Amino acid sequence: MTTFDPYAPSRETTEGTVFSVTGGDWDALVQEIGSTKEERVVVNMGPQHPSTHGVLRLILELEGETVTEVRCGVGYLHTGIEKNMEYRNWTQGTTFVTRMDYLGPIFNETAYCLAIEKLLGITNDVPERASVIRVMMMELNRISSHMVALGTGALELGAITPMFFAFREREIVLDLFEMISGLRMNMAYIRPGGVQQDLPEGAIPKIREAVKLMRKNFKDNTTLLVGNSIWLKRTQGIGYLDLAGATTLGITGPVLRSTGLPWDLRKVQPYCGYENYNFDVITADTCDVYGRFLIRMNELEQSLRIIEQALDKLEVLEGAPVMVADKKIAWPAQLALGSDGLGNSLNHIREIMGTSMESLIHHFKLVTEGFHVPAGQVYQAVESPRGELGAHVVSDGGTRPYRMHFREPSFNNLQATSAMSEGGMIADIIGAVASIDPVMGGVDR
Amino acid sequence: MTDSGMFGASGTGDTSGYGGLVRAPAATGSSQRPYGGYFDDIADDLERAYPEFSLAIERVIVDRGELTLHVKREKLVEVAMILRDTLKFEMCMGVSGVHYPENTDRELVAVYPLLSMTNNRRIRLEVSVADSDAHIPSLVEVWAGNNWHERETFDMFGIIFDGHPGLTRILMPDDWAGHPQRKDYALGGIPVEYKGATTPPPNERRSYK
Chain A
1 MTTFDPYAPS RETTEGTVFS VTGGDWDALV QEIGSTKEER VVVNMGPQHP
51 STHGVLRLIL ELEGETVTEV RCGVGYLHTG IEKNMEYRNW TQGTTFVTRM
101 DYLGPIFNET AYCLAIEKLL GITNDVPERA SVIRVMMMEL NRISSHMVAL
151 GTGALELGAI TPMFFAFRER EIVLDLFEMI SGLRMNMAYI RPGGVQQDLP
201 EGAIPKIREA VKLMRKNFKD NTTLLVGNSI WLKRTQGIGY LDLAGATTLG
251 ITGPVLRSTG LPWDLRKVQP YCGYENYNFD VITADTCDVY GRFLIRMNEL
301 EQSLRIIEQA LDKLEVLEGA PVMVADKKIA WPAQLALGSD GLGNSLNHIR
351 EIMGTSMESL IHHFKLVTEG FHVPAGQVYQ AVESPRGELG AHVVSDGGTR
401 PYRMHFREPS FNNLQATSAM SEGGMIADII GAVASIDPVM GGVDR
Chain B
1001 MTDSGMFGAS GTGDTSGYGG LVRAPAATGS SQRPYGGYFD DIADDLERAY
1051 PEFSLAIERV IVDRGELTLH VKREKLVEVA MILRDTLKFE MCMGVSGVHY
1101 PENTDRELVA VYPLLSMTNN RRIRLEVSVA DSDAHIPSLV EVWAGNNWHE
1151 RETFDMFGII FDGHPGLTRI LMPDDWAGHP QRKDYALGGI PVEYKGATTP
1201 PPNERRSYK
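Respectively, the protein sequence lines represent chains A and B. So that you can map any letter, position 387 of the first sequence is 387 in my numbering, and since no number is skipped, the others follow by simple counting. Going from the second sequence to my numbering is simple: count from 1 and add 1000.
Bear in mind the hints are in silico, worked out from the structure with no lab data behind them. Treat the hints with care, as some may be off.
Claimed, not checked - Only pairs whose alpha carbons sit at most 16 Å apart, straight line, appear in this in silico EDC-like list of lysine to aspartate or glutamate:
no., chain 1, residue 1, chain 2, residue 2
1, B, Lys1075, B, Asp1184
2, A, Lys83, B, Glu1204
3, A, Lys83, B, Asp1184
4, B, Lys1183, A, Glu65
These figures come from a predicted structure and were not determined experimentally.
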C-alpha cells in the first residue's frame, strides 16, 4: 500500500483486502493486486448498463474472465402496480397492467381481462369477434416483442444492422396498433368483456398488406444471422439450460421450448379460441442461445399465419359486436376514434343528455363505480412472448380487485441467469440474459 | 353479507360512496364430491399416495373450474413433494400472498398455483397462517424456481418462509420499513391540483362498497 487512490480505495475484511474500483486509472490497482495471491474480482454490472436489457443489476464474481457467481439485483422499476390496482375499479385496472411488461401490453391486458371474465362467469359470453381481435392483437404484439428481443439481443452482442431491421418491423406493428387503438404502446385496448372499440374502417386490408410486407422483410434478418459464423460463435452452446433445469426453475416460453419440449399454452390450454387456428409450436433441442434465437425467428412466421386466419374470420364476422351484451358490464358508449385521436360518440351523448335520464344515470354509475365482480379467486395464464403470464385475481365482491398478482415470466425466468452463466465467460452473460429476454417493467411491476 | 342490485346500495341506502368500504372475507366451507373433471382423480391419487391426506388437507374447494387444496402449513412440504413426484406437478408457478385482516388467526394466505405438464392439469395450494406467527415452510427445496417468488411474498406481506436459502427483500429497498401490499399499509399519495381542481390521492377518494 503506497498512496491513497481515490478511485480504488482498499479496506481489510475477514476475507482479506478488498479493493473497490469506481473508475480512473487501473495501473495503481493492478500494482496493488499483484501483491495478493487471489484474483477474485466482484464486478457490479448495471443497473445503468447498455447491455443488461433495462435496469437489471448483475453482481458478478470473476476469476480472470471466468464467471464463478452471478446474482441479479432487481426492483429498480418497482412501481407498485399490484397495490395501486386495489384502489381502482376493474376497468381502470387495464391501464395499469398494460404498463407492466411494456413490450407485451396486449398480453397483460388479455390475461387480466380473461381472469375477470372467469370471475364474472361470462367467459362464453364474450363475442367471437372480440376474441378474434384479441388473438390478432396478441400475435401482432408477439411479433413486435420478438423484434425487440432479436434486435436488442443482437445489438448487445455487437451486431448493429439486425437491430435496424428489427425496429423497422416493430414500427410496422406499432403503426397498426396506433390505427386500431389510437396508441402505439400501453393501449388498454382489451377490456373486461371484449375490446375497447371495433377495428376502424379499412383496417383489414391494411393489416393484410403489413403481413405481406413483414413476411418479405423478415428474410433480411434471417439472411444476416442464420448460419452467420460470428453469430454462431457467440450463441451456440452459450447459456445452456436443459429440460430438468428449466422445469425446476419454472421456466416457460422460448427458453423452455429450446430444450425440445413443445409446451405452448396456446396449444395445450387454449384460450380466446386458439384451438381454431392452425399453427405450429416451434422447438429447438440445443438448449442454448442460438436455439432460442431460432425459435423466436420461426415464431414470427407462425404469428403471421395466425393473423391471416384471424383476418379471414374477421371478414366473416364484419359488424358483429365486440363487447358483451350485458349492459351492466359493457362500457355504455361504443366510442369511435376521431381524427383528433380522441374517442367520442356523438349519438351516445345525444341520448344521455337529451332523451334518457336513466341512460345518463347508468353511464355515470358504471363509469365512476364500475361493476361488481362476485367474490372468489382465479388464476388465468396466457402464453406471452416470454412464457407463462399468470394473473391471480382475488375479488371480495366489490367494484375493485381485493388482490392482484401477476406471475411474470420475466421475473421468474431471470432466476435462470446464474444457472446459464456460471462457469462461462463474462462476455457470454450478455447473450444468456438477452436470450431470456427479460423486460424489467414486468419483472418489477 | 349478501349483495342485491347492481351498485350495492344495500342496508343504508347510501349511494354516495362515502359509506365506507366493506370488505367481506372469502367464502368458507368445503366443496362436496364429486368435484367434476379431473379434480376427483387428483383427490383420489393424492389420498392413495398420502395416507395423512385428511390430516393435512383442511379444505378442498372447487370454484369456477379450479381446484384449491387448503394445506396445513406443517404438512406443506410433504404434500408438495408427493404432488411433484407422484402426481407429476413438475412446476410451481410461484406464490402469491393475500392479506385478510378480518380472518382472525388466518390473516395471511400464501397461494401456490401448480402445473402438471405431464397430465396438463392445474391445481392450487393455499396455506393460511396467523399474522402473529407468519411462518410458512419454504418450497425452494421442492421447486427451486420458488426462490424469488417467496422473496417477493416476504417483501410484500412479511410472510417468513422458513428454510429459504436467502430470504431478503427483492423489489423494495433493503432498508424499507413495512410490507407494502398488506391491507394495513396505506397506499399513500398526494393530492394533485390541475386547473384549480384538486384530486385527492386514490386511497382518499370515495369508495363504493
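Check: Which hints from the list above does the structure break, by number from lowest to highest?
Finding: 1 and 4
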